[in-house]
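Modelling step: build the complete structure from the supplied sequences, incorporating the hints.
Protein sequence lines correspond, in order, to chains L and Y. Sequential numbering of the first sequence, starting at 1, is according to UniProt numbering. Sequential numbering of the second sequence, starting at 1, is according to UniProt numbering.
No lab work stands behind these hints: they were computed from the structure. All residues carry an ideal CB built from backbone N, CA and C; glycine is no exception. Only true hints are included.
What the simulated footprint calls covered on chain L by chain Y, stretch by stretch (three residues with Cβ under 8 angstroms from a Cβ of chain Y suffice, anywhere in the stretch; the number is not a length):
1. 22-32
2. 230-242
3. 276-284
Anything over 10 angstroms on all C-beta distances counts as not near chain L; from chain Y, calculated:
4. 63
5. 64
6. 87
7. 134
8. 136
9. 140
20 angstroms max Cα-Cα, derived SDA-like pairs, lysine to any residue:
10. L:263 <-> L:244
11. Y:115 <-> Y:39
12. L:192 <-> L:223
13. Y:115 <-> L:45
14. Y:115 <-> L:40
15. L:263 <-> Y:57
16. L:285 <-> Y:59
17. Y:115 <-> L:42
18. Y:115 <-> Y:45
19. Y:115 <-> Y:126
20. L:263 <-> Y:60
21. L:192 <-> L:226
22. L:285 <-> Y:56
23. L:285 <-> Y:60
24. L:285 <-> Y:47
25. Y:115 <-> Y:90
26. L:263 <-> Y:23
27. L:285 <-> Y:102
28. Y:115 <-> L:22
29. Y:115 <-> Y:43
30. L:192 <-> L:119
31. Y:115 <-> L:49
32. Y:115 <-> Y:49
33. L:263 <-> Y:56
34. L:285 <-> Y:49
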Amino acid sequence: MAVPIRPQPRTLGDSLRQNGVSRRGFLKFCAATASMMALPPSMAPAIAAALEQARRPSVIWLSFQECTGCTESLTRSFSPTVENLILDIISLDYHHTLQAAAGDAAEHAREQAMHENAGNYLVVVDGSLPGPGSNPGFSTIAGVSNLQMLQETVAGAAAVVAVGTCAAFGGLPKAAPNPSGAVAVSDIIKDKPVINVSGCPPVPMVITGVLAQYLTFGTLPELDAYNRPMAFFGQSIHDRCYRRPFYDKGLFAETFDDEGARKGWCLYRLGCKGPMTYNACATMKWNGGTSWPVESGHPCLGCSEPDFWDAGGFYNAMSVPVGDSGNVLLAAGAGGLALGVGASLLGRHKRAAAKAGHETVTADELEQKL
Amino acid sequence: MSGLDNIPIQVEPAPALARDFGNALPILGEIRHAVARLRHDGEPSCIDLGAMPFGPGDEARLMTLLGRGEVSATVTALGPTHVWETGYPGVWVVEYQNTEAQRVGLQIEIDEVPKILRTQPADLDDTLAALEARLREAAGRHPDGASDSQ
Numbered sequence: 001m002a003v004p005i006r007p008q009p010r011t012l013g014d015s016l017r018q019n020g021v022s023r024r025g026f027l028k029f030c031a032a033t034a035s036m037m038a039l040p041p042s043m044a045p046a047i048a049a050a051l052e053q054a055r056r057p058s059v060i061w062l063s064f065q066e067c068t069g070c071t072e073s074l075t076r077s078f079s080p081t082v083e084n085l086i087l088d089i090i091s092l093d094y095h096h097t098l099q100a101a102a103g104d105a106a107e108h109a110r111e112q113a114m115h116e117n118a119g120n121y122l123v124v125v126d127g128s129l130p131g132p133g134s135n136p137g138f139s140t141i142a143g144v145s146n147l148q149m150l151q152e153t154v155a156g157a158a159a160v161v162a163v164g165t166c167a168a169f170g171g172l173p174k175a176a177p178n179p180s181g182a183v184a185v186s187d188i189i190k191d192k193p194v195i196n197v198s199g200c201p202p203v204p205m206v207i208t209g210v211l212a213q214y215l216t217f218g219t220l221p222e223l224d225a226y227n228r229p230m231a232f233f234g235q236s237i238h239d240r241c242y243r244r245p246f247y248d249k250g251l252f253a254e255t256f257d258d259e260g261a262r263k264g265w266c267l268y269r270l271g272c273k274g275p276m277t278y279n280a281c282a283t284m285k286w287n288g289g290t291s292w293p294v295e296s297g298h299p300c301l302g303c304s305e306p307d308f309w310d311a312g313g314f315y316n317a318m319s320v321p322v323g324d325s326g327n328v329l330l331a332a333g334a335g336g337l338a339l340g341v342g343a344s345l346l347g348r349h350k351r352a353a354a355k356a357g358h359e360t361v362t363a364d365e366l367e368q369k370l
Numbered sequence: 001m002s003g004l005d006n007i008p009i010q011v012e013p014a015p016a017l018a019r020d021f022g023n024a025l026p027i028l029g030e031i032r033h034a035v036a037r038l039r040h041d042g043e044p045s046c047i048d049l050g051a052m053p054f055g056p057g058d059e060a061r062l063m064t065l066l067g068r069g070e071v072s073a074t075v076t077a078l079g080p081t082h083v084w085e086t087g088y089p090g091v092w093v094v095e096y097q098n099t100e101a102q103r104v105g106l107q108i109e110i111d112e113v114p115k116i117l118r119t120q121p122a123d124l125d126d127t128l129a130a131l132e133a134r135l136r137e138a139a140g141r142h143p144d145g146a147s148d149s150q
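Okay, structure coming up:
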């Protein structure tokens, strides 16, 4: 029996016209897309020309060891907007959190999408996965290990987009002591382009911006050393931060409720990881451009960087060494090793010696020594 | 006197006035260069304010500096787009909103007329075709050439 097929728009231009979008509406869409892709507004006509002919790419979204925060970030973005249009335009053929189908039907949808779009589909992964040497039972879908499902699905893909810090760098599951042996997607996939869209979660417009780039130009974006799109991860939070002038002037908030905090001074001493963090939060912001962590008075946690969870305390200034005694003792204590006892004694000895050796000095005495 | 009255209440002060983090004036300088390019070379420009690291108050400061001119318009396509000329003729603010009136883009266009207000050539083709069809239809309804009452 012939299966009735719903006629699908052939190109994005067809799709938009079918949805009653006027040419002014299309121009607006292109202007917002250029902004989303962090391209100059002058690129809007080129985007319009390319999008007019763009075809719907098939996307298979795999969720492994994750908290669904990345999907929440994407779907809870204010709507209806450009992100939603992009999502309407791509053919999201498998996403086990969002799709209505379950069980065999869901897995069949994935296999069908892989078969029908062999060599051309995009695989989006959120979440890390237990590595080859780990117990695969830590995370399975339909009885299939994450590792096997990733390798099977990626085999016929054009490219892989690792969404979120877990998929990009291992993230929270990989944090010490990494009980599930979590690894990043790029640790497994070596023969396909892997684009890392890190963040915990990533800025929603960055996720769709990468999809829009592929949709618009059929190419993958320029990437940095961590395989992140340069357009969004090319500059540090610190360099794009509106509080940067206060850092340059040496004006810092020392606590969350002091005069400096109220005046919006730099949060470096409260643990801001902005100088080592590359992301688009400072310009794209969150909640429809309303604000972002630093604007609300909280230091950047550095969530788009590898191993941010183990990079010392969130509220320790970057000048505090990561391997401080507290972390060493905690790690050793968790292992219950004899080494821990030794480290503990060593730490106690160091603290006692420092206390005994502490001398106060006045500014006059310092000048005399100089 | 109930126990609730003994709980001290601290009244929150009114929100502090938006502060200027110093990012407005450099944009004004960029606009000045763009106006010079438009005047001397005929080259229009567009500045995406969404890509600027504005702090709270910077945008309001810039808008105050630019002021409001004598032209404003609203385009209704994929939600409203509000367009207005600033106090500096040729410098336009274009605010794109979605259907829920949430901002999806904010740009400064330096041009004689912002692009979104111009009629697209393809739309002119459609207009020609539609008008010709309407006239044919009217002529068919009134073969004696009488005017259509509608």
